[in-house]
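Sequences and hints are given; from them, build the entire structure.
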Amino acid sequence: MSDDAIRIEGLTKRYGSGDTAVDALKGVDMSVAPGEVVGLIGPSGSGKSTLLKCLGAVIEPTSGRMAIGGETIYDSAEGGWQSRDLHALRRDRIGFVFQAPYLIPFLDVVDNIALLPMLAGKSDAQARLRAQDLLLALDVAHRAKASVAQLSGGEQQRVAIARALANQPPVILADEPTAPLDSERALNVMRILEQMASQYRTAIIVVTHDEKIIPTFRRIYHIRDGKTYAEQGEGRKIYDKRENK
Amino acid sequence: MISLAGRDILHSWGKYVFTGIGLGLLIGVTLSMAGIYRGMVEDARALLNNSGADIWVVQRDTLGPYAEPSSLHDDVYRILQGLPGVAATGNVTYLTMQARRAGLDERVMVVGIDGFNSGHPGAPAYLLAGRGITRAHYEAVADIKTGFSLGDHVTIRRHEYLVVGLTQRMVSSGGDPMIFIPLKDAQEAQFLKDNDAILNDRARSAANPSLNRPGVPGLLDAIIASQSANHNVNAVLVKVADGWDSEVVAQDIRRWKRLQAYTRVQMEEILIAKLIATSAKQIGMFLVILAIVSAAIVSFIIYTMTLGKIREIAVLKLIGTRNRTIAGMILQESLGLGLVGFIVGKGAATLWAPYFPKFVLLESGDTLRGFVAVMLICALASIVAIRAALRVDPATAIGG
Numbered sequence: 001m002s003d004d005a006i007r008i009e010g011l012t013k014r015y016g017s018g019d020t021a022v023d024a025l026k027g028v029d030m031s032v033a034p035g036e037v038v039g040l041i042g043p044s045g046s047g048k049s050t051l052l053k054c055l056g057a058v059i060e061p062t063s064g065r066m067a068i069g070g071e072t073i074y075d076s077a078e079g080g081w082q083s084r085d086l087h088a089l090r091r092d093r094i095g096f097v098f099q100a101p102y103l104i105p106f107l108d109v110v111d112n113i114a115l116l117p118m119l120a121g122k123s124d125a126q127a128r129l130r131a132q133d134l135l136l137a138l139d140v141a142h143r144a145k146a147s148v149a150q151l152s153g154g155e156q157q158r159v160a161i162a163r164a165l166a167n168q169p170p171v172i173l174a175d176e177p178t179a180p181l182d183s184e185r186a187l188n189v190m191r192i193l194e195q196m197a198s199q200y201r202t203a204i205i206v207v208t209h210d211e212k213i214i215p216t217f218r219r220i221y222h223i224r225d226g227k228t229y230a231e232q233g234e235g236r237k238i239y240d241k242r243e244n245k
Numbered sequence: 001m002i003s004l005a006g007r008d009i010l011h012s013w014g015k016y017v018f019t020g021i022g023l024g025l026l027i028g029v030t031l032s033m034a035g036i037y038r039g040m041v042e043d044a045r046a047l048l049n050n051s052g053a054d055i056w057v058v059q060r061d062t063l064g065p066y067a068e069p070s071s072l073h074d075d076v077y078r079i080l081q082g083l084p085g086v087a088a089t090g091n092v093t094y095l096t097m098q099a100r101r102a103g104l105d106e107r108v109m110v111v112g113i114d115g116f117n118s119g120h121p122g123a124p125a126y127l128l129a130g131r132g133i134t135r136a137h138y139e140a141v142a143d144i145k146t147g148f149s150l151g152d153h154v155t156i157r158r159h160e161y162l163v164v165g166l167t168q169r170m171v172s173s174g175g176d177p178m179i180f181i182p183l184k185d186a187q188e189a190q191f192l193k194d195n196d197a198i199l200n201d202r203a204r205s206a207a208n209p210s211l212n213r214p215g216v217p218g219l220l221d222a223i224i225a226s227q228s229a230n231h232n233v234n235a236v237l238v239k240v241a242d243g244w245d246s247e248v249v250a251q252d253i254r255r256w257k258r259l260q261a262y263t264r265v266q267m268e269e270i271l272i273a274k275l276i277a278t279s280a281k282q283i284g285m286f287l288v289i290l291a292i293v294s295a296a297i298v299s300f301i302i303y304t305m306t307l308g309k310i311r312e313i314a315v316l317k318l319i320g321t322r323n324r325t326i327a328g329m330i331l332q333e334s335l336g337l338g339l340v341g342f343i344v345g346k347g348a349a350t351l352w353a354p355y356f357p358k359f360v361l362l363e364s365g366d367t368l369r370g371f372v373a374v375m376l377i378c379a380l381a382s383i384v385a386i387r388a389a390l391r392v393d394p395a396t397a398i399g400g
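So the sequence lines, in the order shown, correspond to chains Y and S.
Numbering follows the working numbering, in which position 171 of the first sequence is assigned residue number 171; successive positions increment by one, without gaps.
Numbering follows the working numbering, in which position 242 of the second sequence is assigned residue number 242; successive positions increment by one, without gaps.
Hints are computed from structural coordinates only; laboratory data are not their basis.
Any given hint could be a false lead.
[Stated by the list, open to error] Coverage of chain Y stretches by chain S, computed from C-beta distances (three or more under 8 Å per stretch; other residues unrestricted):
#	segment
1	10-21
2	49-55
3	83-95
4	112-121
A virtual CB, placed ideally from N, CA and C, is assigned to each residue, including glycine.
Next up, the structure:
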């Protein structure tokens with residue numbers, strides 16, 4: 001048992017079989033501490049999305065081990081998924097932020113966030129209180145009763161982040177969260193993610209191509225041909241200096 | 001817990017309500033079809049109730065007078081009146097034909113009756129306006145559905161009748177409104193020929209050596225007289241005395257008078273099970289087709305609405321929403337659509353029922369059965385959409 005929020009050891013994923021088999025992940029190792037924001041960078045077809053889907057309990061890895069919040073969720077040596085209820089696993093232990101906010105259009109802002117605690121069994125009042133707290137923390141409390149369509153792109157992304165945090169998961173998986181944004185807004189989203197990671201002790205993995213935000217990571221995982229390589233974020237010192245000016 | 005279905009409906013209520021209205025009109029047609037069938041049954045019952053008879057005496061081996069032609073001599077009533085248990089009798093003729101008024105044709109059932117007092121078998125049970133027939137000829141009492149008014153002159157065959165009274169709910173089993181006229185006039189109307197035909201018939205009889213024998217003077221005149229007069233009726237209606245069983249009296253008539261006698265129960269069976277059976281099957285077929293069309297429409301609408309939410313469903317699944325919650329959302333939307341459609345359909349059927357030319361009876365039992373059927377159809381129709389939603393891969397929300 002480790003203190004890491006995420007720990008992945010020797011994770012592999014093979015699509016297909018026989019001559020047509022493709023090894024998307026070839027023994028990935030990764031660890032992310034609570035409150036840490038790491039980047040996951042790699043070219044198209046390198047295995048980023050496959051890793052994200054394995055971590056998100058959406059597809060089953062072929063072998064290896066994954067633990068979230070110190071608890072093993074997948075271990076091929078132990079028979080695969082350790083929980084039968086992957087819905088509950090995703091709902092309670094993993095938050096998702098997508099490239100587009102993908103908010104539920106028929107729910108207002110507060111209910112988009114409150115839906116998750118409600119699905120987890122919290123009372124309506126408790127769930128809405130939690131949603132209001134998150135909206136306050138993300139500076140969109142004044143839009144609580146607005147419909148999703150009435151929000152700006154930046155506001156929608158902040159609501160999406162609030163939704164990911166709704167059940168206080170140990171992990172948030174962010175898939176290209178800044179892709180459609182200009183530099184200023186992209187950096188703003190990263191500031192918010194860092195702040196939330198620090199405030200809620202949540203580990204965040206940001207999958208990105210976006211060069212604008214790469215300097216914001218203290219640690220980066222490069223993924224190439226199904227393998228990961230960790231490195232310290234060299235641009236971070238420059239970024240910090242610029243931020244502190 | 002938030003009602004996802006309720007929120008989705010509120011979010012796109014315009015589309016939902018208009019779809020519900022479209023479906024509702026279809027349901028309205030379905031309910032009306034059922035109402036038309038009930039109306040036919042009710043008309044048949046009204047015909048029997050309003051005749052004031054307990055037994056219908058008709059020609060032997062016929063299902064007369066409504067389902068088959070029947071002919072009896074108009075003095076048969078005398079021998080029936082002598083039977084134990086018979087309180088009153090009435091001769092009747094029924095003839096469906098066109099009645100004309102001021103150049104307008106109206107399909108009516110002309111009823112010839114030999115007594116006009118209320119309670120006399122065959123006479124209209126009550127009057128809305130005017131009076132009963134008091135003269136022996138050329139007066140009529142009309143059902144209000146004919147559109148005739150008091151004082152109107154109505155032409156039946158070659159004779160004109162003055163409308164002296166109006167009655168209500170006096171219709172044939174086919175829904176044609178009735179006109180009551182004196183029995184003698186009705187008997188004449190059934191066999192009345194034009195002058196050319198009368199002359200032709202007389203010439204034919206005169207040319208027939210077996211009818212015009214030289215040694216029998218007066219034979220030809222007697223034959224011609226019998227040919228141009230009609231002393232038949234379609235049925236004799238019998239009212240049974242208090243304390244007597246209709247079936248017992250009917251059995252006596254069948255046994256001793258060699259006539260066919262039907263009790264109220266038997267006559268209802270003839271009208272409903274035989275006379276309107278084909279129409280009932282026709283309507284039943286329509287109901288089945290409409291139910292299938294409704295199911296197909298609901299299924300298509302719900303399926304299309306679900307396909308429009310594929311991305312949201314993928315996100316809901318990814319964030320941990322259970323399949324049963326998503327299936328419940330689609331089922332509730334389908335049932336909601338059925339509910340909106342049913343309310344609209346019931347309202348529409350009630351609104352347009354009075355404008356149908358035939359009586360439309362919307363029974364609360366049929367309404368309840370219709371509601372259950374609509375809900376069942378909507379539940380079944382949602383299965384395709386639910387299957388589509390459950391097949392959505394949550395990974396599609398991530399992309400890659």
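Against the structure, the hints:
1. 10-21: violated (count 0)
2. 49-55: holds (count 4)
3. 83-95: Since 6 is at least three, the answer is holds.
4. 112-121: That given contact holds, which follows from 6 residues of the segment 112-121 of chain Y lying within Cβ reach (below 8 Å) of chain S.
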